[in-house]
Amino acid sequence: MGLCAVGTLPLYNSSFDFMGFMIGSLAKNDGGYTLFHLTSQTIAMLIMLPATILAGMTLPLFTYALLQRGAGERSIGRVYSANTVGAILGVLLAVHVVMPALGVKGLVGLGALLDILVGLALLALARSHWQWRWEWPACAGTATAVFALIFLIAHFDPVRMASGVYRFGISRLNNIDVQFYQDGKTASISRFMHQGGHMTIATNGKPDAGINTQGTTGGTDEATMVLLAALPLTLRPGAATVANIGFGSGMTTHNLLGTDRIQRVDTIEIEAAIVEGARGFGRFVERAFTDPRSHIHIEDAKTYFASHNARYDLIISEPSNPWVSGVASLFSEEFYRYVKHHLNERGLLVQWLQLYETNPLLVSSVFKALALHFQDYVVFNTDKGNIIIVASNSGALDTLDPWVLAEPNLQEQLQRVNLRSVQDLAVRRLGNKVVLQPLFAGFGAPVNSDFFPFLSMNAPKSRYLLESALIFNQLHLAPIPVLEMLDRQLRVGDTPASPSATFEVPLFQQQGHRIAQALSGQQPISREYLDKAAPDAQLLMRELAVSAPQQSADELVRFILLDIASAVNPHVSAPQAAAMWNHLAQQPGYPCCPS
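Quick note: the sequence shown, position 542, residue 552 per our numbering, numbers continuous.
Hints should not be assumed to be uniformly reliable.
As the list claims (entries may be wrong) - Okay, derived cross-link-like pairs now, BS3-like style, lysine-lysine, Cα gap no bigger than 27 Å in a straight line:
1) K394 <-> K38
2) K216 <-> K312
3) K471 <-> K378
Claimed, not checked - Ranges between beta-carbon positions, derived for each pair:
4) L112 <-> S404: 36 to 42 Å
5) G87 <-> A316: 33 to 39 Å
6) L133 <-> L162: 32 to 38 Å
7) E344 <-> E286: 29 to 35 Å
Hints are computed from structural coordinates only; laboratory data are not their basis.
We put the beta carbon where it would ideally sit given N, CA and C, even for glycine.
Make the full structure from the sequences, and use the hints.
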């Protein structure tokens, strides 16, 4: 049994390459997903089953031996008791002591060594039945040599362990430097540096957060973590106490503590290793570790709230993707019902939700669960693949107070992700409950519940198929200003939002403003000013200058006007759009086109 256990070490290491080959070979469809499941289970069985079968044989063998000797039922009961107590103590020691201290390889090796020693001890007790004296030393020497050989040869490559091969089929990440790797009680945590200075912390190979440690521009994850702190503070300027579920890189906690208005932040993280790994982000997360207002609790979120009868002004939930085992329960109807009772009267729940590796049905299921327990919510984009939901049970969430933007300790982080004005926050607003809930209701997904776990049952398949719910983000880019028409609180400003490397709407706003100014006569119609839109604008004005255009030219003008309307109307203010259309209507060739 011990040799079978230690023999799994090289097999486990090589399984990454086999899984990478299978992921690269299988199609992203239902049949491929079925084969992926079969392959995954086969690998697990090859690694676990031999030692498991032998371990399962020990209790029946002990029982049989005792019965053969006539030991009686009492001795059998003692064996069962010892087996039960040993199993409990073994799990406790393995999870809480050996795994954090020695890692997976050390834990398996220690367990295998103990099995071998017990086996040799039992053989020694039976030496009187052996025919030759050298048999026991031969068994002991062979077992020891084989164990030592396998254990020393087996090498767990941190780059391979951090690859997340099950996602994209890459069994070894290139051009990364693994700076931290630790097998924790619940997961294996790694922190690695990419070329260019982007540092990532990952759980079981799945990146949870990343920070650009070199340069002045923040990445996608930074925008999410900055907005998780900034948005609720603009909606509830008086917030003083915060519970933050999920530590990640620690940047959300760090940003929350950037203002003196916050009196306490309780950060709840189930895995201690991720907190230790996050220390490597240095100054970007410093306040999470050094500020006396920061309190880190290594505990399950539901257990924490059950054992701490505390209420908060803000509860921020930033778990990993719903397809990760155990995470989907933080998006359930029961969780939202429970966490609501730990909010103060005007408290807010802030929920991060990914739109990648999921689908509209799963996202709708989450919103249906949330809507059952909160009167209103408002949704903001952080980038094209992530949203933040801010939910309230005490009235509408309409006004953004820009005080956060002037906080000295937050200036650097805000500017790294180009959040410089309240318009930069408002442009990310997707809609509120009144606007969006009918849309989610139309998908027909059930409410995600702990008793009907629609999300956890379907999210892994959605991840494998590389599905997305990015369709919701397309509302920002609709050819008509649908969001502004439905949401009275959403108004496009007279000036475009600051350009963002992670969110494309400000870029469309800039383009729309330039086209509107050029076609209203305020700016020249040139490539230098309009870039790619210049030829269409020049052609449009040339055709509109003709008082009696040909039919073919008339059709061309209609197509150009449609493109211009799609590029301008959703992304500029109503007065700016009106000025452009009024100017175009005065051109000689315009009456040929329907208004």
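Item to check | Satisfaction of hint between K312 and K216, Cα-Cα up to 27 Å | outcome: Distance of about 23 Å is within 27 Å: holds.
Next on the checklist: Can you tell me whether the CB distance of G87 to A316 sits inside 33 to 39 Å?
Outcome noted: holds, 36 Å
Item to check | Agreement of K471 and K378 with the hint, judged by alpha carbon distance not exceeding 27 Å | outcome: Answer holds: K471 to K378 is near 21 Å, not above 27 Å.
Item to check | Given pair status - K38, K394, alpha carbons within 27 Å | outcome: With a Cα-Cα distance of about 22 Å, the restraint between K394 and K38 holds, given a limit of 27 Å.
Next on the checklist: If I claimed the Cβ atoms of E344 and E286 lie 29 to 35 Å apart, would that claim hold in this structure?
Outcome noted: holds, 31 Å
Checklist entry - In this structure, is the beta-carbon distance linking L112 and S404 contained in 36 to 42 Å? => result With a Cβ separation near 50 Å, L112 and S404 fall outside 36 to 42 Å, so the hint is violated.
Next on the checklist: Taking 32 to 38 Å as the stated bounds, is the beta-carbon spacing between L133 and L162 within them?
Outcome noted: violated, 24 Å
In terms of the numbered hints stated before, the structure departs from hints 4 and 6, listed from lowest to highest.
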